[in-house]
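*Asks:* Produce the complete structure using the sequences and hints provided.
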Amino acid sequence: MAESKLDLLQGTLDLMVLRTLAALGSLHGYGIARRIEQVSGDKVLLNQGTIYASLVRLQQRGWIAAEWGTSSNNRKAKFYSITKTGRKQLSENAANWQRLSDVMGRVLAMPEEGGTK
Amino acid sequence: MTDWLRQSFHRLTSTFRRAEMDHELEAELAAHLDLAIEENLRRGMSAEEARRQALIRFGGTEQAKQQHREARGLPVLDIFLQDLRYAVRQLLKSPGFTAAAVLTLALGIAVNATMFSLVSAFLLRRPPGRDPEGVAVVSSVNPAPAFHADASLVSAPNYLAWRDANHVFADMAAADEYRTVSLTAQGHPEALRSAAVSLNYFTVLGVSPQFGRTFEAGEDQPGRENVVILSWELWERRFGSDASLIGRTIRLNRANYVVIGVMPASYRLLGFTPQVWTPLVLSAADQTAAARTDRSLHLFARLKPGITLEQARAEFAALARRAEEEFPATEKGWGAAVRLLPDFLIYDFGIRSALAVMMTTVGFVLMIACANVAGLLLARAAGRRKELAIRIALGAGRLRIILQLLSEGLLLALLGGSAGLLLAYWGINFVRASMTFNEAISAVPLSLDWNVLLFALAVSLACAVLCGLAPALNASRTDINANLKDESRAASPSRSLSRLRRVMVTGEIALALFLLLGTGLLFRGIFLVEHQNLGFRADHLLTASVTLDNARYQDASQKTLLVRDLLARLQHLPSAQAVAVASELPASGPGSVTFRIKGQPELPADLRLSALDAVVSPDYFQAASIPLLRGRTFTETDDATAPRVVVVNQEFVDRHLKDQEALGKQIRLDVNGATPEWSEIVGVVANVKTYSEETRDDPEVYEPFLQRPLSSFSLMIRATSDPSSLASALRGAVAQVDSELPLAGVMSMPALIERQKGGDPFFVRVLGSFALLALILAAIGIYGLIAYSVGQRTHEIGIRMAMGARHPDVLRMLVWEGMKMTAVGAAVGLALALPLPKLFDALFYGLHLREPWLYLLMPMAIMVVAMLATYIPARRATRIDPAVALHQQ
Chain A
0 MAESKLDLLQ GTLDLMVLRT LAALGSLHGY GIARRIEQVS GDKVLLNQGT IYASLVRLQQ
60 RGWIAAEWGT SSNNRKAKFY SITKTGRKQL SENAANWQRL SDVMGRVLAM PEEGGTK
Chain B
0 MTDWLRQSFH RLTSTFRRAE MDHELEAELA AHLDLAIEEN LRRGMSAEEA RRQALIRFGG
60 TEQAKQQHRE ARGLPVLDIF LQDLRYAVRQ LLKSPGFTAA AVLTLALGIA VNATMFSLVS
120 AFLLRRPPGR DPEGVAVVSS VNPAPAFHAD ASLVSAPNYL AWRDANHVFA DMAAADEYRT
180 VSLTAQGHPE ALRSAAVSLN YFTVLGVSPQ FGRTFEAGED QPGRENVVIL SWELWERRFG
240 SDASLIGRTI RLNRANYVVI GVMPASYRLL GFTPQVWTPL VLSAADQTAA ARTDRSLHLF
300 ARLKPGITLE QARAEFAALA RRAEEEFPAT EKGWGAAVRL LPDFLIYDFG IRSALAVMMT
360 TVGFVLMIAC ANVAGLLLAR AAGRRKELAI RIALGAGRLR IILQLLSEGL LLALLGGSAG
420 LLLAYWGINF VRASMTFNEA ISAVPLSLDW NVLLFALAVS LACAVLCGLA PALNASRTDI
480 NANLKDESRA ASPSRSLSRL RRVMVTGEIA LALFLLLGTG LLFRGIFLVE HQNLGFRADH
540 LLTASVTLDN ARYQDASQKT LLVRDLLARL QHLPSAQAVA VASELPASGP GSVTFRIKGQ
600 PELPADLRLS ALDAVVSPDY FQAASIPLLR GRTFTETDDA TAPRVVVVNQ EFVDRHLKDQ
660 EALGKQIRLD VNGATPEWSE IVGVVANVKT YSEETRDDPE VYEPFLQRPL SSFSLMIRAT
720 SDPSSLASAL RGAVAQVDSE LPLAGVMSMP ALIERQKGGD PFFVRVLGSF ALLALILAAI
780 GIYGLIAYSV GQRTHEIGIR MAMGARHPDV LRMLVWEGMK MTAVGAAVGL ALALPLPKLF
840 DALFYGLHLR EPWLYLLMPM AIMVVAMLAT YIPARRATRI DPAVALHQQ
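These protein sequence lines map, in sequence, to chains A and B.
Start counting the first sequence at 0; every next residue gets the next number (numbering that gives the first Met the number 0).
Start counting the second sequence at 0; every next residue gets the next number (numbering that gives the first Met the number 0).
Don't take every hint at face value.
To be verified - Part of the chain A face toward chain B, derived, beta carbon under 10 Å: (1) Leu45; (2) Gln59; (3) Arg60.
No lab work stands behind these hints, which were simulated from the structure alone.
Cβ coordinates follow ideal geometry from the N, Cα and C atoms, glycine included.
*Replies:* Take a look at the structure:
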């Protein structure tokens with residue numbers, strides 16, 4: 000069966016955006032979207048447009064800041080960067096996510112009962 | 000938490016920065032696509048392919064924008080604003096409908112807000128002073144049936160005993176609230192309402208003076224008691240707000256009093272707002288057994304922390320029982336009641352039941368108004384079925400449709416509420432200008448305060464739900480298929496819709512009839528009182544009241560001398576026919592007295608016979624024109640040295656002497672502070688109503704003034720000309736006798752009666768206009784319903800007439816439909832109104848309402864109004880040319 004692309008869980012995109020900005024510093028929306036695509040090895044099903052809802056949400060929470068600036072090829076674009084609160088949230092959420100993923104791993108690894116019969 | 004707050008704030012603000020944020024997003028998305036296209040070009044795609052790929056990777060731009068909006072803003076608020084905008088457009092499209100609905104609601108809300116300003120002023124305003132809910136008022140409970148028997152005054156011996164014995168109050172003060180003092184300033188005397196209060200009175204109530212101080216220890220001792228505290232109003236009016244007045248002397252009751260303080264203007268306790276306060280001096284005489292029948296004190300007490308009202312009540316019930324055991328002669332049957340200060344003031348003021356009736360009435364008016372508007376909205380909803388069906392077919396949820404129709408109702412209600420508040424502003428001014436029938440009422444400021452504003456808002460919101468919900472729920476049940484196919488030709492309006500409207504109109508008729516019957520009863524009651532024969536002639540009578548001070552008029556002979564002198568002078572005034580003094584003017588609610596008839600067994604204190612008791616000078620019956628039925632009235636020779644005599648009224652004979660001959664009978668009155676003596680009945684006079692505002696006749700005993708001189712009495716002059724023209728001559732005559740003796744309440748008897756009635760006639764007129772408003776609104780409701788249903792059935796009527804139905808047949812059918820609703824509504828209203836006379840009897844003391852014909856007349860009136868409201872549109876329908884009707888869509 001061909002591997003289908005992963006649907007994004009609620010909230011995961013926010014976390015990805017935060018992580019990307021933490022790693023790369025100031026970046027515009029297109030850059031963030033491309034970076035996430037690249038890192039996931041194109042496994043994430045992402046309409047690039049959806050990233051903007053995530054960006055405005057994070058901005059309203061004060062986790063990222065935005066500023067109009069000029070891109071490397073002299074184009075006007077809005078640049079986002081992670082704030083101090085954003086970094087704190089990132090480390091908390093990342094830890095949570097890690098725990099959840101561990102638990103999911105263990106639960107899914109349970110041997111099937113029917114197999115012993 | 001702060002994150003959440005911050006986000007909510009941003010979400011809210013972005014709702015209102017929509018255009019700006021959309022614009023910025025637009026720019027950002029454009030930049031995004033440009034960057035993507037550029038990268039694709041660098042990878043070697045053709046320009047067209049680069050753009051196509053960029054757009055594919057981006058996903059839909061519209062979806063992205065929508066997601067952005069939802070993430071940044073408040074979708075619910077967005078939808079609401081959208082609904083509101085839509086509602087505004089809808090209402091603007093039909094200005095006639097909008098005006099009718101807004102005006103109807105405005106009237107309903109205005110009468111409610113206006114009446115609520117009375118509730119706010121009288122019931123909701125906290126009394127002044129620190130923590131008024133911690134102050135209790137202790138009253139006596141009179142075992143005999145009397146007005147406010149459970150809020151009677153307390154005697155000085157009980158005050159002293161209870162103050163010292165109770166464990167529930169931190170402190171307990173007493174006030175004799177109903178004293179009159181004469182103030183002489185700039186040469187002219189004026190009678191003032193004063194209160195004599197115990198030294199701790201102000202501390203118990205927790206109020207401090209605006210200037211100066213309150214009473215100090217020792218100022219209730221004889222010789223030191225000549226200190227006085229003024230009310231703000233008196234200080235302003237008589238002393239020109241002179242701040243240097245503190246410490247100076249003024250003349251009260253012919254003695255010098257030092258002004259020690261002025262109370263703030265805000266210090267008002269509804270019925271208890273005297274103009275001066277002096278110390279209450281309790282002497283040894285106030286602690287004797289005789290003082291027990293002199294109940295003249297209000298007791299104010301501060302509850303100890305942690306003590307509940309229930310505990311205080313239990314304590315005082317026990318204290319009252321102890322008094323009953325120790326002094327059975329005077330205390331038998333008497334109890335004690337404890338209330339919190341705010342409750343007591345309202346109870347004492349006796350305005351609660353009137354306000355309850357008013358608020359119920361205006362509440363009904365509002366319900367009728369809402370029913371009318373709901374009916375209008377339903378009719379419109381029927382006209383919009385197709386539009387709604389299309390919206391639902393396009394995917395609008397039921398909830399969305401309901402919310403949208405509700406927001407239309409909300410908008411109407413808010414518009415109605417604003418217009419209603421404007422009307423209420425006038426209404427409140429009108430009520431304030433009309434409510435001047437006594438000082439206590441006019442002293443309470445009516446205003447459009449926050450309570451009224453909040454109430455109007457709440458009422459408007461309630462209206463929004465009441466008006467909007469029925470049409471909204473109904474519309475949301477729209478059957479798409481039926482409605483889209485339906486070309487409305489030949490279709491009668493949906494059954495459930497017209498059933499709902501019929502129910503509402505029936506309800507309106509029931510409410511309107513209920514209100515008409517209620518106010519009709521009250522109107523009739525007041526009319527009877529206004530036109531009753533009082534038993535004396537009130538016209539051409541000038542009255543005034545006099546209170547003699549102890550300084551100059553200590554004993555009986557001095558009082559008698561003054562009265563004789565005064566009457567002789569007044570007799571010589573040019574147009575004076577007869578002059579008299581009396582303890583109480585006729586029909587002004589004299590005090591009552593218990594008595595024994597010689598030859599009948601002595602009864603225990605609480606079972607003794609009682610009668611009204613008036614003390615009058617010889618010419619009283621002539622001056623008042625009260626007919627003498629048998630025997631004689633008093634003469635100048637019935638004085639202190641002569642055998643004691645009394646005159647009784649016919650009711651006394653009927654009630655207490657039955658068939659026996661009254662003349663010559665001996666009775667003994669239990670008069671305060673006097674040794675009981677046997678008096679002979681020498682005459683019987685006709686009955687005079689006990690109160691001019693009630694229809695009661697009570698047994699009454701008249702005593703001659705010369706045998707029992709009083710220090711507080713009224714003057715009465717029967718004049719041959721307009722009595723008011725005698726006022727200055729009266730003042731002059733009194734000044735000649737005693738220049739420092741103030742006359743109070745100089746007015747004609749009819750004016751006095753008008754005043755005694757207080758707000759009743761005004762109150763009933765206001766109620767009547769509300770009932771009329773209700774009737775008009777209900778008539779409009781019926782008219783609207785029939786007109787609408789006729790309009791909807793034009794096609795059907797056309798068919799009927801084409802098939803040969805004649806005009807009268809159609810007319811009969813339509814009118815019959817209207818009359819069925821009216822009859823059902825009237826029957827319900829009639830049934831609801833049946834217990835009203837009983838209810839009013841309990842609420843309004845002394846009105847006797849038994850008017851069965853009203854129960855016939857009012858339903859007939861409403862039938863006639865409903866018939867007209869039905870007939871007009873029905874008649875119009877029958878005039879339609881069948882050919883036109885059949886072609887009508």
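*Asks:* Would you mind marking each hint as holding or not holding in the structure?
*Replies:* Going down the list of hints, with the structure as the test:
At a threshold of 10 Å, the smallest CB-CB gap from A:Leu45 to chain B is about 8 Å, leaving the interface hint in force. Look at A:Gln59: its Cβ gets to within about 4 Å of chain B, closer than 10 Å, so that hint holds up. The interface hint given for A:Arg60 holds, since its Cβ lies 5 Å from the closest Cβ of chain B, which is under the 10 Å cut-off.
Going down the numbered hints, you'll see the structure goes against none, and every one checks out.
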